[in-house]
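Colleague: Below, each chain spelled out in residue letters.
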Amino acid sequence: MVEMLDVLLFTTLRAGTPLLLIVLGILITERAGVLNLGQEGLVIMGAACAFVATSTSGSVWIGTLTGVAAGTLTALAFAILVLALRANQVAAGLALTIIGTGLAAMIGDGMSGVSIVGMEALPIPFLGSLPLVGHALFSHDALVYVSLLLLVVIWRVMDHSRLGLTLTAIGHNPGAAHQLGLAVLPIRLMAILAGGALAGLAGAYLAVAYTPLWSEGISAGRGWIALALVVFASWRVFRAMFGAYLFGLMSILNLLLQGVGLNISPNLLGMLPYVATILALLLFSNARHRNTTMAPRALGQPWSHGD
Amino acid sequence: MGVPDESPHGVRIPRLELIGITRRYPGVLANDGVDLRIAPGEIRGLLGENGSGKSTLMRCIYGVEQPDAGEILWNGRQIRPMSPRVARALGMAMVFQHFSLIEPLSVMDNVRLYLDGIDGFDRPPAVMRESFLSLAESLDLPVDPLARVDDLSPGERQRVEVLRCLLLKPDLLILDEPTAALTPGEVAQFFKVLRTIADGGCSILFISHKLPEVRALCDQVTVLRRGKVTGHGIASVMSESELAVLLVGEETPVLPPARTPVGSGVLLDLDQLTGATNALDGLQMQPVSLQVRSGEIVGIAGISGNGQEHLNNLISGESAARTGRLSVAGRDMTRYGPARRYAAGLQIVPAERTHQGAIPAMSLADNLLLTNVHRYASRGLTLDREQLARDVREIIDSFDVRTPHQHASAGALSGGNLQKFLLGRALLDQPRVLICNHPTWGVDLRAAHAIHRRILEARSQGAAILLITEDLDELYLLADRIGALYSGRISPLRPTRELPLQELGLWMTGGGEMAGKAVA
Amino acid sequence: MTLAIAAGSAILAALDLPVGTSLHALFIAPVSDSYGLSELALKSTPLLLCAIGLSVCYRAGIWNIGAEGQFVMGALAGGAIALVAPPLGVMTLPAMVTTGVIAGMGWAAIAAWLRTRYGASEILTTIMLNYIAVSLLTWAVHGPLRDPGGYSFPESALFESHALLPALTESSRLTVSTPFALLAVGALWWFLARTLPGYQIAVLGADSKAASFAGFSTTRLTWLVLLGSGAFAGFAGLSEVAGPVGQLTPHIAFGYGYTAIIVAFIGRLHPLGMLLASLLLALTYLGGENLQINTGISKSVTLVFQGLLLFFLLGCDVLIRYRVAGSNQPVAA
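Chains as they are written, first to last, in numbering that gives the first Met the number 0: chain A, 0 to 306; chain B, 0 to 519; chain C, 0 to 332.
Because the hints were derived from the structure by calculation, they are not lab data.
Don't be surprised by glycine CBs; every beta carbon is placed ideally from N, CA and C.
One thing to keep in mind: the hints can contain errors.
To be verified - Below, in silico cross-link-like pairs of lysine to any residue (SDA-like), each with a Cα-Cα straight-line distance of 25 Å or less:
| id | chain 1 | residue 1 | chain 2 | residue 2 |
| --- | --- | --- | --- | --- |
| 1 | C | Lys208 | B | Ser408 |
| 2 | C | Lys208 | B | Glu102 |
| 3 | C | Lys298 | C | Pro17 |
| 4 | C | Lys298 | A | Ser54 |
| 5 | B | Lys168 | B | Val148 |
| 6 | C | Lys208 | B | Ala360 |
| 7 | C | Lys208 | B | Arg384 |
| 8 | B | Lys209 | B | Glu351 |
| 9 | C | Lys208 | B | Gly441 |
| 10 | C | Lys298 | A | Gly220 |
| 11 | B | Lys209 | B | Gln96 |
| 12 | C | Lys298 | A | Met110 |
| 13 | C | Lys208 | B | Ser152 |
| 14 | B | Lys191 | B | Ala215 |
| 15 | C | Lys208 | B | Ala342 |
| 16 | B | Lys209 | B | Pro499 |
| 17 | C | Lys298 | A | Ala219 |
Claimed, not checked - Not the full set, but computed from the structure, chain C residues with beta-carbon under 7 Å of chain B:
| id | residue |
| --- | --- |
| 18 | Arg193 |
| 19 | Thr194 |
| 20 | Leu195 |
| 21 | Ala205 |
| 22 | Asp206 |
| 23 | Lys208 |
| 24 | Ala209 |
| 25 | Ser211 |
| 26 | Phe212 |
| 27 | Ala213 |
| 28 | Gly214 |
Okay, chain A solo, but in the shape it has when bound (with noise of 0.2 Å):
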C-alpha cells in the first residue's frame, strides 16, 4: 500500500511538473492581457529542439537551454503579429500552434528511434531518504524542482511585487495603464516571452526528461489542456498548481488501473485527460464565477498607442 501511495505519488509529480510549467508561463501571458492559444506550438517546438540539441551535444543542460530559447523565439514570432501589428490574438495563436507542430516534425524527422541519455535523478541528501514521502517528494530530476521554485518566484511577483500588480493594471485595462504611464507594449512584450520560454522548458522536461525519445505527437495536447487549466484555476497560481498535478494524475491513471488489473482499453483510458478538462471548463466557467476570478478584463483585446 505504501509503496502504491508512492509510486502514486512519484509518478503524479513528474506528469504534473510539464503542465505546471505551462500553466505558469500562460498565467504570465494572459495575467498581461494576452491570449496566447499557441502553447502547444511552443511546447513542441521546445521539445524537438531540446532533443535534437541533446541527441548532437550529448549534454542534456545544452538541451533544456535549447528547447527554452526555442520556445522564447518562437512566441517572439507571436509577439510581433499581435503586438506590433496587431492581429487576432485566436487565429495567431492557431497559426502558431499549425507551424509549431509543422516546424517540430521537421527538425525531428530521423530522430524517432533515436535514443538519449535523459536527465539523471537528483536525490536531495537526507530529505530524499525520509521514510515515506522520503522517495516520492525528493528524488526527482532537477527540473521538476526548478519548477517548483519558479512556482514561488512566479507566486511573489504576480500577487506580491509592484511588476505584478503593473501586469494585472495592463491586462485588465490597458488604456488606463497607459494613461498611468505603465509601458504597455513592453511588459506584454516580457509576458509572451516569458510565457514562450516556460512552455519550452515544459517541451524540453518531456523530451530529455520525463520520456526521453522522440515522437511528433510528444505533447499529447498538453499545451491546450493548460490552457483550460488557467481557466480552471481562474488565473490563481497555486490553483493552476493543484490543476497541473491533478491533470498529472489523470494522465498516469491508465497505468495505475492497469496496474490494479482494470482491463480497460488504453485507447479509451487516453481521453481521461481531455474528458476531465471538458468537466473542469463545466464546473469553472459558469458567469456566476466571473466576477470573482482574477479573469483579465482586456484578455484577447488587441491594444496599441491610438487607443
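With chain A held as given, fit chains B and C onto it using these hints.
Modeller: Chains B and C alone, transformed into the frame defined by chain A:
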C-alpha cells in the same frame, strides 16, 4: 516643489506656458498653434465644445501624446514630457474624463500604481494607506481604501482619482470634465476642495463645456474652438452669452415654436415594471411606472449612471422584465424581446452610437436593418435588399446625411451625420413610440438643431417620445413633461412650464419630492 | 503568399535541400497532369466542406476549432453503419450520410451546449472533443470495428460497393461530394448575403452589444452556427470514408479539420475566397507528399507552409486594414 515662483527681477514666471502647440491626426488638426499661460495658484478654465481639441491639448501637456510642434515651458524651463510618469515627476497631475482607474483592483492598488516609480513614494502599504486616509480626512473626501473600484459610485471613483493626484502635492492639477459624473451637491463640495488646493499654491486647469461652472470656479477662462484659442478673459466679468459666442462661433439658431400636443391616447405604458437583473453597477432599480401619450415628449433628466441605461433596456426589451407590465400602442409587450417590440412600432436612438446603435464596419443598409428586421424580412428568411437600398437613399436625402457614398460603412460618417442617420432609421417607418437617449451628445450645433427639429416633427405626427438626456437646455426646449432619474428611482412627471429649473435640480440630486414617495 | 514562399524557401535551404527543385516538387509537379488536377479537387473537397461550416462560426465570433473531431465522428458513425448495421440495400448510403451528418452535429452540439449553458470556451471544448473523437476512432479500429480478416492491422474491412458514394468519372477518384461542395459555396453566398440568419450572424460577430440591441438571440445563433458547422464537417468525414478511403483507419482525418481553419482565414471567410484557398491548401498536401517521395523529407513541410501562409496573411491583413482605417476613420479630438 522648491522652484521659485518669481524670477530675480520680480516678474512672476508662469507655472506653465504653452507656445504654439500643434497636434495633427489623420484628417484633423486637433490643436492649431495653441498658446496658454497659467500662473502659480491660479484656477484656469478651459472652455470648449466636444471636439474642440481640449482633451488633446491636455494629453500633450501630460505626456500621453506628443505635440507635432510647439513648446511647453514648466516654471520657465522648456520640457518635453514623453510620458505621464515624466509629467508626474515634474509635479503635474491629471484626472482624466474617463477615469484611469483599474476597476477590478482595490483603491489602494490603484493609488500604488499611480505613485509607482516616483521618488519618496516607495513606502510600505500600511504607511501609504495612512497618508491616503489622512489626506482624505483633511479634505473631507471619505473613501474606503480597501474597496474594489468596481463597487464604487462614479462620485467615489472621482474622489480616488483626485486624492491620489494630491498625494503627490502637485504644482499643477489638470481636471478633464471632472463634474460630468457628479451631482450638483457634489459639485459644490468639489469646488470648495479645489479652492483650498489652489490657495496652497497649486495651479488648476479646469476643462469643461459648462459655462456656469467655469464662471463659478475659475479666475480666468480660455476658450478653444476647432483647435484654436478664440478668446480669453476674466471669468467672472464675461457674460455667459459672450462666452457662448466664443464657444460656438455663431448665434444659437432659433427653433420653430413648439406646438401643443395633438393626440391623447397612451402609446407607451410602463406599469410597475421591474427587470430580472435589478441591481446594476451598484444601483438598486425601483419599479418604473410611466405613461407617454401620442404627440407628447416626456423628458427624463438625470446625471448619467442613475439608471438611464436600465430604463432604456427595460423599454427596449434588452433586459427581461420580472414583474409589472409594458405595452406599446396598446399591445402587451412585457414578455417580448427587442425585435418584436420594434415590429410593434417602438424605435430607439441609443446612447452609444458606435458600440450599440450602429456597427461601424457595416454598411448603412445593414445598419438600417438592425432595428427594422420586420420590415425587410417579413417571411423571416430572405431579405429584401432592393427595398433596403431605396430606404437608405431616402434617409440620406431627407435627413441630409453627409456620406462619401451610399455604400459607405457607418464608421465613415462623422458623429453628427451618423446620429442623423440613426434618427432617420428610427423615424423611417413612422414609429408609434420613440426613445431618444442623449440624442445630441457630441454632435455639432448644426446637426443638433436638425435633430431637434426632427424630433419635434415626429411629435407633430403623433409619436409618443421619451427623451432621456443630461442636457437640461435640450430638455426644456423639447419636452412637454419632465421627470428625473436619481439612484434608480424615477420622479413624478410635471408639465415643463410648472417645473422651475431649481426644483428639477433638486430632484436630480434626490431632494424635493424625490425624497418622498416614488412615482405618481 | 510570396512572403510565405520566401520564408518556406529559407527553411528548405536551411535543411540543405535544393530550393528550386523542392518548390517545383511542392507546387508545380503535383498539378501538371489531369490526374493531378483531379487529385487536387479530391483533396480540396473535405477542406472546403469543413471551411464552409467553420467560416459561418467565425463570422459569428464563435471560435470552433472542432471540425477535426466533427469530421472524425461523421466518418466513424457513418462508417459504422456500413460495417455493422443489418443490410439496408439501397438505403445503406442514405443511412450512412444521415448518420454521419447527425454525428457531426451531435459532436458540435456538445460544444454548443457547454458554451450556451455554462459559458465554457468553445475553443477549448472543441479541441478536447477533437482529441476524444480521435481516441474513439482509434479504439474502434483497434477493437469493435477491426477487420476480422485483416491480419490485426488497426483498420476496418473495406466497405461494400453499395456503401460507397458514386464516382463521378471512371478515371478519377472524385465522388458526388465535390459537386456538392461547389453547390454549398453558392448556397453559403446566398445565405450570407440574402437571408436574415446570415445577417444576424454577421451582426453578432461584429458587435455582441449591437446584436443584443437588435434583439438577436446569441444562444440561438450559437447553436445554429455550431450545428451547421458540425453537419458540414460530419458530411465531409463520411464522404472521405465512403469515397476515396473506402474503410475506417486511424488516420482518416489527415488534419483536414485544422487545415480548414486556415482555408477559412485565407479565404477571408468569403465563399469564393475559400474555394480558391481550399485549392491552394490542397496543393500543399499533394506537394508535401510529392516532396517526400522525391527527396525523402518529412511531409510535415506541408504543415510548415500552411502555418506560414496563415501567419503572413494575418500580418499583411493588419497592414492593409491600417491603411484603410487611417484614411477614412473620423478621429475624435
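Colleague: State for each hint whether it applies.
Modeller: Hint check results:
{"no.": "1", "hint": "Lys208(C) with Ser408(B)", "result": "holds, 18 Å"}
{"no.": "2", "hint": "Lys208(C) with Glu102(B)", "result": "holds, 21 Å"}
{"no.": "3", "hint": "Lys298(C) with Pro17(C)", "result": "holds, 16 Å"}
{"no.": "4", "hint": "Lys298(C) with Ser54(A)", "result": "holds, 23 Å"}
{"no.": "5", "hint": "Lys168(B) with Val148(B)", "result": "holds, 23 Å"}
{"no.": "6", "hint": "Lys208(C) with Ala360(B)", "result": "holds, 14 Å"}
{"no.": "7", "hint": "Lys208(C) with Arg384(B)", "result": "holds, 24 Å"}
{"no.": "8", "hint": "Lys209(B) with Glu351(B)", "result": "holds, 22 Å"}
{"no.": "9", "hint": "Lys208(C) with Gly441(B)", "result": "holds, 21 Å"}
{"no.": "10", "hint": "Lys298(C) with Gly220(A)", "result": "holds, 21 Å"}
{"no.": "11", "hint": "Lys209(B) with Gln96(B)", "result": "holds, 14 Å"}
{"no.": "12", "hint": "Lys298(C) with Met110(A)", "result": "holds, 15 Å"}
{"no.": "13", "hint": "Lys208(C) with Ser152(B)", "result": "holds, 23 Å"}
{"no.": "14", "hint": "Lys191(B) with Ala215(B)", "result": "holds, 11 Å"}
{"no.": "15", "hint": "Lys208(C) with Ala342(B)", "result": "holds, 20 Å"}
{"no.": "16", "hint": "Lys209(B) with Pro499(B)", "result": "holds, 19 Å"}
{"no.": "17", "hint": "Lys298(C) with Ala219(A)", "result": "holds, 20 Å"}
{"no.": "18", "hint": "Arg193", "result": "holds, 6 Å"}
{"no.": "19", "hint": "Thr194", "result": "holds, 5 Å"}
{"no.": "20", "hint": "Leu195", "result": "holds, 4 Å"}
{"no.": "21", "hint": "Ala205", "result": "holds, 5 Å"}
{"no.": "22", "hint": "Asp206", "result": "holds, 5 Å"}
{"no.": "23", "hint": "Lys208", "result": "holds, 5 Å"}
{"no.": "24", "hint": "Ala209", "result": "holds, 5 Å"}
{"no.": "25", "hint": "Ser211", "result": "holds, 6 Å"}
{"no.": "26", "hint": "Phe212", "result": "holds, 5 Å"}
{"no.": "27", "hint": "Ala213", "result": "holds, 5 Å"}
{"no.": "28", "hint": "Gly214", "result": "holds, 3 Å"}
Consistency note: the structure conflicts with none of the earlier hints.
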